[in-house]
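Numbering (our numbering), first residue to last: 1 to 627.
Treat the hints with care, as some may be off.
[Claimed, not checked] In silico DSS-like cross-links for lysine-lysine, where the CA-CA straight-line distance does not exceed 27 Å:
#1 Lys241 to Lys355
#2 Lys121 to Lys179
#3 Lys119 to Lys105
#4 Lys116 to Lys105
#5 Lys123 to Lys542
#6 Lys380 to Lys80
#7 Lys421 to Lys408
#8 Lys241 to Lys458
#9 Lys208 to Lys86
#10 Lys90 to Lys208
#11 Lys557 to Lys542
#12 Lys122 to Lys90
#13 Lys144 to Lys205
#14 Lys205 to Lys525
#15 Lys105 to Lys86
#16 Lys205 to Lys241
#17 Lys241 to Lys582
#18 Lys380 to Lys329
#19 Lys75 to Lys147
#20 Lys144 to Lys86
#21 Lys90 to Lys123
#22 Lys119 to Lys86
#23 Lys122 to Lys203
#24 Lys458 to Lys355
#25 Lys380 to Lys355
#26 Lys421 to Lys208
#27 Lys329 to Lys408
#28 Lys355 to Lys407
#29 Lys144 to Lys119
#30 Lys147 to Lys80
#31 Lys203 to Lys525
#32 Lys105 to Lys121
#33 Lys80 to Lys179
#34 Lys421 to Lys205
#35 Lys179 to Lys203
#36 Lys122 to Lys144
#37 Lys329 to Lys300
#38 Lys116 to Lys144
#39 Lys28 to Lys579
Derived by calculation from the structure, the hints in this document are not laboratory data.
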Amino acid sequence: MGQYCQGLPHVTQLEAVTSYMYDTIASKVLSQRKTDQVGVIKVRFEKWEEGAKDFIYDRNAENDCKYIQQVCPIKQFSLKNLRELKDQIKPSLENDSGDLGAAIKLGIEVIYDHCKRLKYKKKIILLTNASGELSEESTTQIRKDFKSENIEFVTIVAGCLNSGMATNERISHNIQRLKFLCDTVHGIYAEAPEAALSLEMPKIKPVKPVRGCTIPLCFGDVNESPNEFSISVDTYPCTRKAAVPSATAYSNIITSQNSQMGQNTGIDMPDCSYYGAEKTAEFKEANLEQLSYLREYYIKRDDDSKQVIAEDDRVSAYRYGQELVPISKMEDELFKFPTAASLLMIGFIPIESIKRWFLMGPTDFVVPTIGTRTNKAPNKEYNSIVMSSLSRAMIEMDLAMIGRFVKKSGNEPEMVLLMPKVEPDIEGLVMCRVPFYEDVRYFEFPPLTTNIGVISKKPQADVRYLPNEEIISAMDEFIDSMDLDHPELIPFGAPQNSTCDLNNSDANADDGECSVDVVDSDFIKRELLFNPLLHRINSIIKACAIQGSTDDSTIPKDVPILSEFTHPHKILVVNSEAKLNKLKHLLDIKEVSEDAKAGKRLRGNGISAYDTRGQEGLDAEAILNRF
Numbered sequence: 001m002g003q004y005c006q007g008l009p010h011v012t013q014l015e016a017v018t019s020y021m022y023d024t025i026a027s028k029v030l031s032q033r034k035t036d037q038v039g040v041i042k043v044r045f046e047k048w049e050e051g052a053k054d055f056i057y058d059r060n061a062e063n064d065c066k067y068i069q070q071v072c073p074i075k076q077f078s079l080k081n082l083r084e085l086k087d088q089i090k091p092s093l094e095n096d097s098g099d100l101g102a103a104i105k106l107g108i109e110v111i112y113d114h115c116k117r118l119k120y121k122k123k124i125i126l127l128t129n130a131s132g133e134l135s136e137e138s139t140t141q142i143r144k145d146f147k148s149e150n151i152e153f154v155t156i157v158a159g160c161l162n163s164g165m166a167t168n169e170r171i172s173h174n175i176q177r178l179k180f181l182c183d184t185v186h187g188i189y190a191e192a193p194e195a196a197l198s199l200e201m202p203k204i205k206p207v208k209p210v211r212g213c214t215i216p217l218c219f220g221d222v223n224e225s226p227n228e229f230s231i232s233v234d235t236y237p238c239t240r241k242a243a244v245p246s247a248t249a250y251s252n253i254i255t256s257q258n259s260q261m262g263q264n265t266g267i268d269m270p271d272c273s274y275y276g277a278e279k280t281a282e283f284k285e286a287n288l289e290q291l292s293y294l295r296e297y298y299i300k301r302d303d304d305s306k307q308v309i310a311e312d313d314r315v316s317a318y319r320y321g322q323e324l325v326p327i328s329k330m331e332d333e334l335f336k337f338p339t340a341a342s343l344l345m346i347g348f349i350p351i352e353s354i355k356r357w358f359l360m361g362p363t364d365f366v367v368p369t370i371g372t373r374t375n376k377a378p379n380k381e382y383n384s385i386v387m388s389s390l391s392r393a394m395i396e397m398d399l400a401m402i403g404r405f406v407k408k409s410g411n412e413p414e415m416v417l418l419m420p421k422v423e424p425d426i427e428g429l430v431m432c433r434v435p436f437y438e439d440v441r442y443f444e445f446p447p448l449t450t451n452i453g454v455i456s457k458k459p460q461a462d463v464r465y466l467p468n469e470e471i472i473s474a475m476d477e478f479i480d481s482m483d484l485d486h487p488e489l490i491p492f493g494a495p496q497n498s499t500c501d502l503n504n505s506d507a508n509a510d511d512g513e514c515s516v517d518v519v520d521s522d523f524i525k526r527e528l529l530f531n532p533l534l535h536r537i538n539s540i541i542k543a544c545a546i547q548g549s550t551d552d553s554t555i556p557k558d559v560p561i562l563s564e565f566t567h568p569h570k571i572l573v574v575n576s577e578a579k580l581n582k583l584k585h586l587l588d589i590k591e592v593s594e595d596a597k598a599g600k601r602l603r604g605n606g607i608s609a610y611d612t613r614g615q616e617g618l619d620a621e622a623i624l625n626r627f
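Let the sequences and hints guide you as you build the complete structure.
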């Protein structure tokens, strides 16, 4: 258990499995879902925890079942429960007894008693060194229970050698039985190094599809021509910017002091009961009070006094030059554009004519309305046939659609571009916003290949900035040397000794074990491009929450996968070094001296026009003789 993990010399196998357990529970705490619950059972311990549930096992029994205890029942965890759990879970140094199979059976029984026949996603994670009792008869019954209750199974073994071979014969047999059990129930078997590597992979919060709106897709103006028609479509988010968590303002004044201050000054203090009993207890335990924001408008008088203006006395106004145009609330309705929720088809354009920099903002899926299980949408088959034929025809003719999108009646219209998307699981359109003419910024930059004459004011050819054939050839060689399709490159973020995903049982359902070979040749995969700021803040928040402190020792180190794109790959740097030096020589690129500063204009004698400090060795007479 004290051995260091392969590839991670600073992490022991015991630290890897315990960190994996705490990280898994901390992710449940972060989700704040009431149905995302956790229970903990320990086996082969040395001290009984008072108040813990013993279930059917007797602590005075003669067999190894007496060393099994449920430390925490299945419930929604909080940070307080997690910190208490860290004090109760400790490695056993003396006790060598405990039935591993009975502990798994107890876990199945606890899940069955809690979940009943409800549609929970059930999972058992076993953290062990495989030295307990595990008979072949118990694994047979466990296998049947896993399949009947539809429970996922993850096994993480610590204490074995890095080669995967155990020195103890009992441990070796247990490992073989656990591997066979994971294989038959489509579970995951991994060792401590794989668990440690999985902690370095940022966790992505699963997002459920949420319908944005249900609107008609109009083929022409239905109000003007009776031959036009429309179908009902739904919009779902396709790409959205992930928001970085922001801190909320609190006060570190103790609650009793707040109450006394409110009595003395007559000020209404914030009421934490608005946030619920659990949140109120957390605020009081941390001596924090939720702050409320109050905005007031006032007029500044000549004597520096302030006259507060009530909301009914405020009037909105627009600037027209130096004049103010007041608008009342009733007149404000005139500014609203009379629109109805719809997606109106304007026309089609070739895909190659679309400028990439015109695509802006988030994107959405547009799919036909099919309704829900209980409420079927009318004309479901009709909507699907029209959408399928439209998207397939657009793909065949390489066309994109220009449309006018109004999400809600009364909202301002938006111009959108709709691209066809036909896949086995979806047939529809992808909608992206395009700018109006007022949104586009046009700038005229002076061309590098022409020079405006000072006297004639006419453009003249300037060959100084035109590259010759040798420079173009050297640049091509440099670009080819930095190609990311290099066969020796290992994909960014891919673990070099494991491709196991401990959070997804379906990914390894075929063999039930983690693969140790990297078979993906794609150097940059979208699944491995993470927002470094987002995951850095989340990791710091989680570490400080688990440890209960904000010391420098608590803040975790940067995960290597988040810093992969901060510099080019070493292989590319080595391959392009000679090409880059050749390019510097042809372009006559020289390094700027340290004394030179950006933004300084030098005169003919090398003296800065902006430097007013006295300079040594300055010939004042020679300068005055110029004049």
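Hint by hint, here is what the structure shows:
| no. | hint | verdict |
| --- | --- | --- |
| 1 | Lys241 to Lys355 | holds, 22 Å |
| 2 | Lys121 to Lys179 | holds, 22 Å |
| 3 | Lys119 to Lys105 | holds, 20 Å |
| 4 | Lys116 to Lys105 | holds, 16 Å |
| 5 | Lys123 to Lys542 | holds, 23 Å |
| 6 | Lys380 to Lys80 | violated, 50 Å |
| 7 | Lys421 to Lys408 | holds, 25 Å |
| 8 | Lys241 to Lys458 | violated, 48 Å |
| 9 | Lys208 to Lys86 | violated, 32 Å |
| 10 | Lys90 to Lys208 | violated, 37 Å |
| 11 | Lys557 to Lys542 | holds, 13 Å |
| 12 | Lys122 to Lys90 | holds, 25 Å |
| 13 | Lys144 to Lys205 | violated, 32 Å |
| 14 | Lys205 to Lys525 | holds, 18 Å |
| 15 | Lys105 to Lys86 | holds, 24 Å |
| 16 | Lys205 to Lys241 | holds, 13 Å |
| 17 | Lys241 to Lys582 | violated, 41 Å |
| 18 | Lys380 to Lys329 | violated, 43 Å |
| 19 | Lys75 to Lys147 | holds, 24 Å |
| 20 | Lys144 to Lys86 | violated, 33 Å |
| 21 | Lys90 to Lys123 | holds, 23 Å |
| 22 | Lys119 to Lys86 | violated, 30 Å |
| 23 | Lys122 to Lys203 | holds, 19 Å |
| 24 | Lys458 to Lys355 | violated, 32 Å |
| 25 | Lys380 to Lys355 | violated, 35 Å |
| 26 | Lys421 to Lys208 | holds, 20 Å |
| 27 | Lys329 to Lys408 | holds, 21 Å |
| 28 | Lys355 to Lys407 | holds, 25 Å |
| 29 | Lys144 to Lys119 | holds, 19 Å |
| 30 | Lys147 to Lys80 | violated, 34 Å |
| 31 | Lys203 to Lys525 | holds, 16 Å |
| 32 | Lys105 to Lys121 | holds, 18 Å |
| 33 | Lys80 to Lys179 | violated, 35 Å |
| 34 | Lys421 to Lys205 | holds, 25 Å |
| 35 | Lys179 to Lys203 | holds, 26 Å |
| 36 | Lys122 to Lys144 | holds, 15 Å |
| 37 | Lys329 to Lys300 | holds, 25 Å |
| 38 | Lys116 to Lys144 | holds, 17 Å |
| 39 | Lys28 to Lys579 | violated, 51 Å |
In summary, the numbered hints that this structure violates are 6, 8, 9, 10, 13, 17, 18, 20, 22, 24, 25, 30, 33, 39.
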